[in-house]
Amino acid sequence: MWSHEISRGRDTGKGDSEMNLIPRWSIVLSLAVFAFWQYIFHYVMPHPRHDLLPMRLLMGYSWGMAIASYVLLIGYISRDVKRRNMSAGLWMLIVLVIPGFIGAIVYFMLREPMLSKCPSCSTEVASSFHFCPECQFQMAPVCGQCYRGVQITDVYCVNCGHELAKDASPARLRTFSD
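1 is the number of the first residue of the sequence shown in the UniProt record's numbering; add one for each residue after it.
Keep in mind that a hint or two might mislead.
[Unchecked claim] Each pair of labels, with its calculated beta carbon distance range:
(1) C160 - L29: 15 to 23 Å
(2) S128 - L52: 51 to 59 Å
(3) I67 - L93: 44 to 52 Å
(4) S122 - S17: 38 to 46 Å
(5) L57 - R148: 51 to 59 Å
(6) F108 - I40: 25 to 33 Å
It is worth saying that the hints were derived from the structure and are not from the lab.
Cβ coordinates follow ideal geometry from the N, Cα and C atoms, glycine included.
My request is simple: use the sequences and hints to build the entire structure.
What follows is the structure, encoded as structure tokens:
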């Protein structure tokens with residue numbers, strides 16, 4: 001179900017789903033953690049009153065799911081941090097030491113943007129770039145008048161109001177040069 005096509009910690013560019021980043025060890029460990037918490041809540045903890053069975057089931061499943069989700073999140077971060085060329089050891093330490101999902105929230109707030117490769121020269125560029133800094137290949141469509149980024153489906157430029165149909169459609173997707 002989950003394929004692991006991560007080459008040397010970088011995105012393969014095949015449009016892999018984010019769920020494919022969760023490693024097998026994390027899935028197996030999260031299932032074991034969930035089963036362990038079910039064992040704790042149903043066999044180890046004392047059961048003085050049997051009329052609280054629904055509450056015990058709810059608490060067992062809730063805590064089991066919360067901790068298993070945290071293990072899956074740690075597995076995801078361990079792969080994502082490599083894909084974004086960040087320090088894996090530092091971020092895993094932060095996520096594990098800072099309690100209660102706060103380390104994971106800090107990671108998601110401070111993580112580096114994804115890099116993509118230029119189809120023309122294979123230079124790694126940020127996804128927000130409209131042109132490759134090495135070869136001037138146009139990475140995203142831009143307005144022919146103000147040269148700001150537009151969506152491929154836009155009819156008018158949202159910045160200057162220029163009618164994008166007046167630009168030759170293929171020219172908006174080719175190399176820009178004066």
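Hint by hint, here is what the structure shows:
1. C160 - L29: 15 to 23 Å: violated (53 Å)
2. S128 - L52: 51 to 59 Å: holds (54 Å)
3. I67 - L93: 44 to 52 Å: Hint violated: Cβ distance 19 Å, outside 44 to 52 Å.
4. S122 - S17: 38 to 46 Å: The hint (38 to 46 Å, Cβ to Cβ) is violated, given that S122 and S17 are roughly 24 Å apart.
5. L57 - R148: 51 to 59 Å: holds (56 Å)
6. F108 - I40: 25 to 33 Å: About 30 Å separates the Cβ atoms of F108 and I40, which means 25 to 33 Å holds.
Violated hints, in rising order: 1, 3 and 4; the structure is consistent with all others.
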